[in-house]
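Engineer: Order-wise, the sequence lines are chains A and B.
Residue numbers for the first sequence follow full-length UniProt numbering, beginning at 1 and rising by one.
Residue numbers for the second sequence follow full-length UniProt numbering, beginning at 1 and rising by one.
Keep in mind that the hints were calculated from the coordinates and are not lab data.
Don't be surprised by glycine CBs; every beta carbon is placed ideally from N, CA and C.
Treat the hints loosely; a few may be bogus.
[What the hints assert, rightly or not] Per the computed footprint, the stretches of chain A lying under chain B, defined by three or more beta-carbons under 8 Å from a beta-carbon of chain B, are: (1) 78-87; (2) 309-323; (3) 343-352.
[Unchecked claim] Label pairs and their calculated CB-CB ranges: (4) A/Asp181 / B/Gln307: 37 to 45 Å; (5) A/Asn107 / B/Val44: 27 to 35 Å; (6) B/Leu126 / A/Ala414: 29 to 37 Å; (7) B/Leu92 / A/Val117: 52 to 60 Å; (8) B/Phe34 / A/Thr86: 45 to 53 Å; (9) A/Thr86 / B/Gly121: 38 to 46 Å; (10) B/Ala33 / A/Asn107: 43 to 51 Å; (11) B/Leu40 / A/Lys335: 33 to 41 Å; (12) A/Thr86 / B/Leu40: 21 to 29 Å; (13) B/Asp81 / A/Ala66: 45 to 53 Å; (14) B/Arg118 / A/Asp156: 58 to 66 Å; (15) B/Val89 / A/Asp156: 50 to 58 Å.
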Amino acid sequence: MRLRSSAALLGVVLAVSACSGGNEPATTAAGSQERVTLSYAVWDNNQKPVMEELAAEFTKTHPNIAVNVQLTPWTDYWTKLKAAVTGGEIPDVFWMNGPNFQLYASNGVIRPIEEQVDTSVYPKPLVDLYTYEGKLYGLPKDMDTVGVWYNKELFDAAKVKYPADDWTWADFREAAAKLTDPGKGVYAVGAQLTSFQEYQYNTIAQAGGYVISPDGRKSGYADPKTIEGLRFWTDLIDKKQSPDLKTMTDTVPLAMFEAGKLAMYWGGSWNVAEFSANSYTKDKVDVAPLPRGEKQATIIHGVANVMSAKTEHPAEAWEFVKFLGSRQAAEILGKKGPIPAYTGTQSAWVSAHPEFKLQTFLDSVAYAQPYPVSKNTAAWNEAELTYLTKAWAGEQPVEQAAADLAKAMDELLAKE
Amino acid sequence: MTITTTRAGAAHTAPARRAARRGRVAEALWGFAFIAPTGLGLAVFYLWPVLQTAYFSMTEWGVFGGHTWTGAENYARLLADPEVGRALVNTLTYTALGLAGIPLAIVFAALLNRKGLRGVGVYRTLFFLPVVTMPVAVAMVWRWLYNGDYGLINHLLSLVGIDGPNWIADPATALYALVVVGVWSSLGYNMIIFLAGMQAIPAEYYEAAAIDGAGPVRQFFRITVPLLSPTAFFVSVVSVIGSLQLFDLVYVMAGAGGAARANPAYPRMQTVVQLFYDRAFVTNDRGYAAAIAMMLLVLIVALTAAQFRLQRRWVHYA
């Protein structure tokens with residue numbers, strides 16, 4: 001009954017919004033003039049002001065809907081959200097990420113989008129990421145891809161040419177050998193184990209391997225090509241062109257890169273904020289695309305805005321999510337925050353830091369691959385660390401560790 | 001008048017007994033009323049969660065609430081899980097080595113208890129400082145001290161030509177590195193308790209011993225140590241329980257947040273509570289996490305009961 005009436009309401013919404021012109025206030029679209037306050041949960045303190053700006057902008061065209069932006073720091077965000085769901089006090093609209101999405105969608109915590117939306121304005125891997133059993137649940141808000149940040153000073157010192165846009169694994173390895181300088185304690189790169197998004201997932205895709213089968217039932221870690229993607233990193237450790245795992249446990253690669261001890265750092269587009277603010281890196285580093293293996297690939301991920309399945313104001317929540325996914329919202333976001341997901345709105349983000357070739361991150365969207373997820377991503381994310389640590393520490397050959405991981409991951413996927 | 005005397009003289013008649021009983025019942029009721037706030041608090045915030053945990057340990061508990069009864073399945077898994085065995089060994093080793101802090105605290109307390117020691121207030125404050133410092137801050141500072149390449153400890157060792165290990169990333173040293181921080185952090189607290197214990201020992205005992213010709217060392221072992229044994233027993237019970245619940249130190253020192261599992265020494269650092277955390281909050285396996293918590297409860301009760309039994313052998317109540 002409730003469901004049907006809200007569907008009917010949505011029908012009205014569609015009809016009215018289709019009729020209303022672009023500049024017409026869309027208040028009628030919400031279906032009622034009743035004053036409504038939506039709660040909107042976010043986790044990034046840096047983005048809170050721009051989220052509030054977006055909320056205010058939304059209220060201009062929807063005077064009866066106020067939006068209350070609620071910040072919960074990242075470390076508590078998911079714990080608090082889970083508790084809120086159990087207690088029935090879930091925010092109307094909130095940020096969602098890839099690893100958690102299917103958990104929330106499969107448990108009926110978030111509401112699928114009923115309206116037909118034009119998803120061609122967002123990168124396809126992001127639309128796929130937030131699609132569960134054929135239904136789209138969230139509109140992509142922002143996106144990030146991965147590139148190779150490099151220290152120009154160390155490249156110059158080692159007389160190595162800066163990475164070209166079409167460089168390959170072979171070029172990367174050649175540069176890595178030259179850039180390593182044990183005398184000065186300089187390594188080519190840190191084969192980091194704690195950020196698969198920036199490291200392993202990329203090389204696995206470049207080697208032609210996969211992390212999880214498209215149907216989300218089987219691990220790809222036993223695949224020889226996947227193992228090739230892992231060996232890319234363990235080889236660098238073996239050749240001492242990367243610090244060993246113990247050293248990287250004591251001092252994270254980011255800190256080493258910012259101290260001039262690493263010539264290259266595989267990092268996300270989000271590192272712009274960090275590197276432009278750091279007094280050492282701000283005029284010494286630049287960014288290049290990831291080197292090409294069997295294919296060219298980068299992992300793309302982005303946050304989406306989703307609606308609670310239990311919201312008392314589904315029509316208003318959808319109006320807000322739709323607004324957040326619009327070109328107008330993306331342009332506001334692009335000036336202040338991460339890369340907006342809406343195609344064609346990213347120029348403000350690129351021009352904000354002319355000292356870096358930020359266009360690199362946008363160009364790589366063309367060959368980007370989705371972030372691998374399943375219903376309980378966290379369970380096998382833990383297994384990835386547990387098993388691959390042995391290969392990274394040199395206790396086990398990488399084939400063995402990957403085979404053990406594949407077995408453990410398959411067992412975890414079977415339980416989902 | 002006669003009636004009153006009769007009444008007064010007949011204090012043991014039935015109605016009087018009833019009155020006395022009523023008085024006792026009323027008194028007991030008042031007693032309960034007075035402990036009710038605390039009792040209710042304990043029941044609601046301690047006892048009820050324990051019972052709930054016991055129940056959840058026999059279910060598969062959904063991430064968003066909701067659960068299905070699985071009986072002893074979680075406990076069967078517990079027995080077969082290599083991580084459980086490992087976490088138990090780590091936790092028990094840490095607990096056993098942590099007891100070394102007790103004699104250390106007694107020695108420091110004795111040194112600080114000496115009459116005429118200059119700046120005794122300064123020393124006591126210094127030793128107590130770690131107790132009032134946030135454990136997370138303590139762990140962060142130690143993490144830096146232990147850093148293999150840039151840490152102060154290895155820098156000092158390098159001055160005498162020793163190439164120190166990556167203390168908290170090396171499986172051979174990580175657990176011991178944790179023990180050192182644990183002992184260091186609790187030293188001040190234990191020391192204060194021992195100081196109080198020492199100051200409760202009557203000065204006449206020492207005077208008598210001195211007259212009999214016992215020196216300070218002999219006095220320490222023959223008077224101070226035996227008379228401190230009740231204090232030592234208390235400290236030992238409290239510190240064993242505390243050690244068995246070790247979490248924050250590992251959580252911060254093993255690696256920031258989820259990075260801990262990428263620490264090659266993690267298998268030697270993972271404690272029972274850390275494992276509980278991993279299952280409950282990382283992999284969304286809450287029913288199993290509840291079983292781990294119940295196992296820890298049983299372990300704590302068993303070890304504490306054992307300590308109470310063993311105390312008859314070594315604790316002297318003056």
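Engineer: Determine which of the earlier numbered hints do not hold for this structure and return their numbers in increasing order.
Structural biologist: 2, 3, 4, 6, 8, 9 and 11
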